[in-house]
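Quick mapping for you: the protein sequence lines, in order, are chains A and B. Mapping to UniProt numbering: the first sequence position 105 is 105, numbers consecutive. Mapping to UniProt numbering: the second sequence position 169 is 169, numbers consecutive.
Worth double-checking, as some hints may not be accurate.
[Claimed, not checked] To list a few chain A residues with every Cβ distance to chain B over 10 Å, as calculated:
1) Gly26
2) Val48
3) Pro76
4) Pro89
5) Leu113
6) Glu163
7) Gln208
8) Thr380
[As the list claims (entries may be wrong)] Within a straight-line C-alpha distance of at most 27 Å, the following computed DSS-like cross-link-like pairs (lysine-lysine) qualify:
9) Lys345/B <-> Lys28/B
10) Lys28/A <-> Lys144/B
11) Lys28/B <-> Lys352/A
12) Lys352/B <-> Lys144/B
13) Lys345/B <-> Lys348/A
14) Lys28/A <-> Lys352/B
No lab work stands behind these hints: they were computed from the structure. Where a beta carbon is used, it is the ideal one built from N, C-alpha and C, also for glycine.
Number of protein chains: 2
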Amino acid sequence: MTFPVVGMVGGGQLARMTHEAGIPLGIKFKLLSDTPQDSAAQVVSDVVIGDYRDLDTLRSFARGCDVITFDHEHVPTEHLKALEADGIPVRPGPDALVHAQDKGVMRARLDALGVPCPRHRLVSDPADVEAFANEGAGFPVILKTVRGGYDGKGVWVVRSSKEAAEPFRAGVPVLAEEKVPFTRELAANVVRSPHGQAVAYPVVESIQVDGVCDTVIAPAPGLSADLAAHAQEMALRIAAELGVVGHLAVELFEVPGPDGTPQVLVNELAMRPHNSGHWTQDGAITSQFANHVRAVLDLPLGDPRPRAPWTVMANVLGGDFPDMYSAYLHCLARDPQLKIHMYGKDVKPGRKVGHVNTYGDDLADVRERAAHAAGYLRGTITE
Amino acid sequence: MTFPVVGMVGGGQLARMTHEAGIPLGIKFKLLSDTPQDSAAQVVSDVVIGDYRDLDTLRSFARGCDVITFDHEHVPTEHLKALEADGIPVRPGPDALVHAQDKGVMRARLDALGVPCPRHRLVSDPADVEAFANEGAGFPVILKTVRGGYDGKGVWVVRSSKEAAEPFRAGVPVLAEEKVPFTRELAANVVRSPHGQAVAYPVVESIQVDGVCDTVIAPAPGLSADLAAHAQEMALRIAAELGVVGHLAVELFEVPGPDGTPQVLVNELAMRPHNSGHWTQDGAITSQFANHVRAVLDLPLGDPRPRAPWTVMANVLGGDFPDMYSAYLHCLARDPQLKIHMYGKDVKPGRKVGHVNTYGDDLADVRERAAHAAGYLRGTITE
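The shape of chain A in the complex, shown without the other chains:
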């Protein structure tokens, strides 16, 4: 059968789970991975080991692929344009992806679209930071390298311009943003296909600990139907205006509006399957991974609706013990309904090595089960 080949750049857990989702769809999956030990490389048949920063490697990898997509946003924009010029569909395309690669480009575009964002400005030195704070944002100020940050890396919170020297040392552009007094973080996740079909997942609450996603609750508890619909519409509009193909995660801050009614501001964009969508594997009719594959191939998209009243995802981070296997046995025995997703990665303290999903009718119970399993696997809960 003439089923197509998806080439995915990057061998992390997102590629691992995309391959898993592609198996029942019958699509063929080809992986470009840094090493044979990478999370996805362990489970994919057709793996090329190579450096995604090398154009010749990318070109060689792309031969025989019907479309190229990504596990991460780090492929240089000019390489993606070169692949497109070669006639290889790149999805999301470089003109869309740049908004997830470069926070300065992203902010400028969202401003132009009238999408509410935190106050922000590109800054060149600590004096710029001081000026930004004095013109309304106030301290503390968040400083972010415009490219390459993730999970709290490349991000600084400075309480004065005296603390602001370090971000400028690397000589890369820095974006200053106000520290928004948010009540919580949300994510509006949508998937869009090349011919413009799009689906919106329920808006979720995302709870971060030390700058890393800890727990996701689907749907976001207590979110008004109006604000949920507004956030979904905003995410769909961003996807359409930016020409996104595939999964788009719009990370949001929920803040009190002028009259006390909650509003949302856009924090970050990610154009790939995203940690805030892992709950969909067990909690939605169609997972974000399956819909990402369907979108980049321009297949009809699957139903994004939830299968249970509540689904909770908790990330499993590495703890002090390199071997999680006995904790894993305990968790499977304690909760026969637990859905566990291990990434095959070596355990290092604080590293994401898996996640668990739980679902059910009672949010307190669903949260407790997810938190217990994640804590037990990490070693922070021992009973």
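Take the given structure of chain A and dock chain B to it, following the hints.
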């Protein structure tokens, strides 16, 4: 991490879907496949191409595996005993598996356990068949080679001893069985682990067309709670008595009892993930494939309960058109809730190349959606 390695013998769709289910569990999967084009070999990283009938090949494959399990029942019993003697756990073990390999052994054991079966007798020639019919079974008589049959192959329905010559031509043992006037076929599927934990899936109705499974309905409509519990208990008892490890499918005939109350007779046993359990991928909390992996590794088993009131599985058979891709696009577009499972196999008329699962509250709707998709993919429905 010291997560274990499951070695699976056989590269068909059952191995493909077992690998898929093993990815989130974090287990490593190694495959022994006849060719690199086999369904599972297309999607598994660690594949050995070789002949499962060759003991040296099996021994070499088993090195580095923590357990060996199977996609089919065709590995010679003596080879399995040799692997066990080498210290490799083989699950299900040869002493259990022989009951799924040899219908004569299976019938004798079920008789000894008092499990109700169709009338049956090992026969050596057409005169034996005549005698079997005359002593109560009557014609037509079902003749089956005791080893090697599947999906209607190795099975004959004869209306007289004159028609009974062919099954004996190969010189292999033949089992005669009465043609049971069943009202429908059911399946009781259970999973058992080495230390004796076991779970029972809801009893399903299995609808065959031309000797091949066409549709499975979970749970079996109109089945009394008493008969469902009886069938589950019988399957659990067979699994325990035979020492089965992994998934056991007990195929059943539902027949009217002496007082008109439905009863069940055992038709066949299969000791591996089974077509009557494919619905569990999208319809149960834990799929048969995930629980098979968990069982052969002696991990705690997952919850087998259904996630929806009704789940229907329909097999996708090959039709006259070798390329299903445009039909596949149509089916995904028509039903965004459809769960499709393609096996990556070349289309040949009548060959199982995939299946679809549908689920929901309304059985008529769920059946229509599954039947439409399977029929459209095969080409028997064109609108």
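Status of the hints after comparison with the structure:
1. Consistency note on Gly26/A: stated as away from chain B, yet its beta-carbon is not over 10 Å from all of that chain's, at 3 Å minimum.
2. Every CB of chain B is more than 10 Å from the CB of Val48/A (nearest about 13 Å), matching its label as outside the interface.
3. Every C-beta of chain B lies more than 10 Å from that of Pro76/A, the closest at about 28 Å, which supports listing it as non-interface.
4. Against the 10 Å criterion, Pro89/A stays outside the reach of chain B, whose nearest CB is about 17 Å from its own CB.
5. Look at Leu113/A: its CB is around 28 Å from the nearest CB on chain B, clear of 10 Å, so calling it non-interface holds up.
6. Its beta-carbon lying about 39 Å from the closest one in chain B, Glu163/A satisfies the requirement of being farther than 10 Å from that chain.
7. The Cβ of Gln208/A lies farther than 10 Å from every Cβ of chain B, with a closest approach of about 24 Å, so its non-interface assignment holds.
8. Every beta carbon of chain B lies more than 10 Å from that of Thr380/A, the smallest distance being close to 18 Å; the non-interface claim holds.
9. A distance of roughly 24 Å separates the Cα atoms of Lys345/B and Lys28/B; the hinted pair therefore holds under the 27 Å criterion.
10. In summary, the hint linking Lys28/A to Lys144/B is not supported, as the alpha carbons are separated by about 39 Å, beyond the 27 Å threshold.
11. For the hint linking Lys28/B to Lys352/A, the alpha-carbon distance of about 19 Å falls within 27 Å, and the restraint holds.
12. Pair hint Lys352/B plus Lys144/B holds up; C-alpha atoms about 22 Å apart against a cutoff of 27 Å.
13. The hinted pair formed by Lys345/B and Lys348/A fails the criterion: a straight-line CA distance of about 40 Å is larger than 27 Å.
14. Proximity of Lys28/A to Lys352/B is assessed by CA-CA distance (about 19 Å); at most 27 Å being required, the pair is judged to hold.
The structure fails hints 1, 10 and 13 (numbered hints given earlier, in ascending order).
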